[in-house]
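**Student:** Work the whole structure out from these sequences, hints included.
Residue-level listing of the chains:
2 protein chains.
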Amino acid sequence: MIPFNKPYITGLELAYIEDAVASGKLSGNGKYTRLAQSFFEEKYQIKKTLLTTSCTDALEMAAILIGIEHGDEVIIPSYTFVSTANAFVLRGAKIVFADSRTDHPGMDESTLKALITDKTKAIVPVHYAGVACDMDMIMELAEAHNLFVIEDAAQAIDSFYTSKSGKRYPLGSIGHLATFSFHETKNISSGEGGLLAINDEQFVSRAEIIWEKGTNRASFFRGEINKYGWVDIGSSFLPSEITAAFLWAQLEHVAEIQHKRVQIWNQYDSNFKGKLDSSGIKTPTIPSYAENNGHMYYLVARDEVQRDYILKRIKESGILAVFHYLSLHKSEFFHECHDGRELPFADLFSQRLIRLPFYMELTLAQVDHISQTLLDIVSEYEH
Amino acid sequence: MIPFNKPYITGLELAYIEDAVASGKLSGNGKYTRLAQSFFEEKYQIKKTLLTTSCTDALEMAAILIGIEHGDEVIIPSYTFVSTANAFVLRGAKIVFADSRTDHPGMDESTLKALITDKTKAIVPVHYAGVACDMDMIMELAEAHNLFVIEDAAQAIDSFYTSKSGKRYPLGSIGHLATFSFHETKNISSGEGGLLAINDEQFVSRAEIIWEKGTNRASFFRGEINKYGWVDIGSSFLPSEITAAFLWAQLEHVAEIQHKRVQIWNQYDSNFKGKLDSSGIKTPTIPSYAENNGHMYYLVARDEVQRDYILKRIKESGILAVFHYLSLHKSEFFHECHDGRELPFADLFSQRLIRLPFYMELTLAQVDHISQTLLDIVSEYEH
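Protein chains in written order, with the numbering used here: chain S, 1301 to 1683; chain B, 1301 to 1683.
Certain hints may be false.
The list cannot tell twin chains apart, which means a pair is met if one copy fits it or any two copies do.
To be verified - As a list, the in silico SDA-like pairs of lysine to any residue whose alpha-carbon atoms are at most 25 Å apart:
#1 1612 <-> 1305
#2 1612 <-> 1524
#3 1464 <-> 1677
#4 1527 <-> 1604
#5 1347 <-> 1661
#6 1325 <-> 1529
#7 1464 <-> 1342
#8 1419 <-> 1446
#9 1630 <-> 1522
#10 1394 <-> 1591
#11 1325 <-> 1655
In case anyone wonders, no lab produced these hints; they're calculated from the structure.
**Tutor:** Have a look at this one:
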């Protein structure tokens, strides 16, 4: 069986954990946490970063930092992971769901303006499959309406956006805040894990406090105060040095990992390009301002029946391909709170998307085998 | 320098992490998570347990599960870690602080009844230093007033309470819910980590959902439903299998760890018993219904000046002893919300408590050295 995902080990993970153990510091905010944070700050031009136990937790920090209160509205895509919404719901926000683009599962930027009210507090663009949203459009809208932008960059490590001025920005460095995931399915992983990126200076000192359970422990360790105490709300958002050491071993190999993953992506894409047109199946679109970080290769079936047939048959052939999100505006939890707008493209991607196996150990020969198996299944279905 | 704490490694932590890596499953809720959870359920007679990324997160789950709403009151000791309070503040609760006992930093059970109002929703006893609160008194009060009891058993693994009926209960198995910590300073550690214990059946199925980001993924994996989706609020409370594998290696050695820690505790206690009376310094008291799980050895100085002198001088002698909590009702965050009641014993322990070095690798000869050094400092101070 070819699995959908398989964690990749660079080789130094256990040695770094051993080193953390030997250092006598296994709780959070030690050497490996700082190495990982500095790496992000330097390589991806982020003012300040804080490791978290998950991307969900990073989103919850963002919701606290922007001061979400009961009734504040937050605009997020319906086609996303539940945590994008739940992090704000936990703070009392009303979620306003945006539809997906016609050409891509990411949120349709052209629909956002109409969703803004005087209660809107933030927009949370999700860079689906690591492909940038149109950040010029979103940041301009946010500025015009005094909104915060929180990039959900869970899937978007080492991906970039080129603004209309021609400047190339790492994803996660553009919004006021941004969040990354190191869940096992991500390019860089620590099993579970995440990171909060802070680009707006005003959030830096409070973020440190919220991260450390609402205490001014960070100031204490810098020698700025004598005792640390309870100064704010907060949680235990920081991961252990065991997690950070594992993560650091992965980050050191980001170039090699990204090279291989983009290679896998390109191989899939060239195997399918031009060969699926008659079946109505579409290969991914990447807007000109975005780049491909090799996070995920997906196809969009003609309809749900065709999609389910392909998923079932490819599994019978020993290959695990999977669908992805279900529109959140139609979820059991939210459907009664939704304002009734149809979000047809969120539904379309819920019903039609197929994700193919994607992990470091996948060989190009396996990619060819998966591609051919899928092409054969499609051909069998169409005839 | 003898540190205050040093993480202990049983020897199999890295091998188990390696095994988790080889299994291809590093995100949460895998084999090691189940091993750790079953261990707690069986050894400590808990209906259902869920590993969390911290004790803080387990407390946050508890606050969600009991349905804390804005304005609900929760009674907790002032002398505790901020997370005991913050977990409930995050859900909108009003914290009502209880004083410590005269003979112990734990909450004074006799003061609780007067703190209950028609808005009180829960009592959160903290088993300070692993020493049980009077759970008969607390559970009876809770039953009479229809309150939930959440044991903050952060420090209380493998500790017990003997009820007046003579039955011996593991701490964490008595309240409707309970929380444990595996922070690096705890008897059993995974650097950062925690566990939610559920003793009241009504919370089990919702707890699984909240744990998995508000989705019914657990039901999905048990084959009860075809697709999982957004059904509730929730967060990413579960730790990775990296963390769980590390923890499992520790839990397998709990008997050996507890044996050694109790030995250290007894050695400190016999070194100090009867030798500090003239200085006004007190050794710990353990009520007859409680037991000692070797979590912490502390002394209570006569006053803050004496305490600070001892801490300073013992550090100069190469030994790191430390104070502990500061009364939360006087914190920068809360003091203006406090109802003005004096909580003199919470303040007393804030000002006078001294924690001595305590970790597995500490030899009994080092315990003797630390004890003698402290006795010499006290004698020097008194003369």
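**Student:** Are the hints correct? Go through all of them and say.
**Tutor:** Cross-check of the supplied hints:
{"no.": "1", "hint": "1612 <-> 1305", "verdict": "within (17 Å within a copy, 54 Å between copies)"}
{"no.": "2", "hint": "1612 <-> 1524", "verdict": "between (60 Å within a copy, 19 Å between copies)"}
{"no.": "3", "hint": "1464 <-> 1677", "verdict": "neither (42 Å within a copy, 70 Å between copies)"}
{"no.": "4", "hint": "1527 <-> 1604", "verdict": "between (60 Å within a copy, 14 Å between copies)"}
{"no.": "5", "hint": "1347 <-> 1661", "verdict": "neither (34 Å within a copy, 41 Å between copies)"}
{"no.": "6", "hint": "1325 <-> 1529", "verdict": "within (21 Å within a copy, 38 Å between copies)"}
{"no.": "7", "hint": "1464 <-> 1342", "verdict": "within (24 Å within a copy, 61 Å between copies)"}
{"no.": "8", "hint": "1419 <-> 1446", "verdict": "within (11 Å within a copy, 38 Å between copies)"}
{"no.": "9", "hint": "1630 <-> 1522", "verdict": "between (48 Å within a copy, 23 Å between copies)"}
{"no.": "10", "hint": "1394 <-> 1591", "verdict": "neither (32 Å within a copy, 48 Å between copies)"}
{"no.": "11", "hint": "1325 <-> 1655", "verdict": "between (40 Å within a copy, 19 Å between copies)"}
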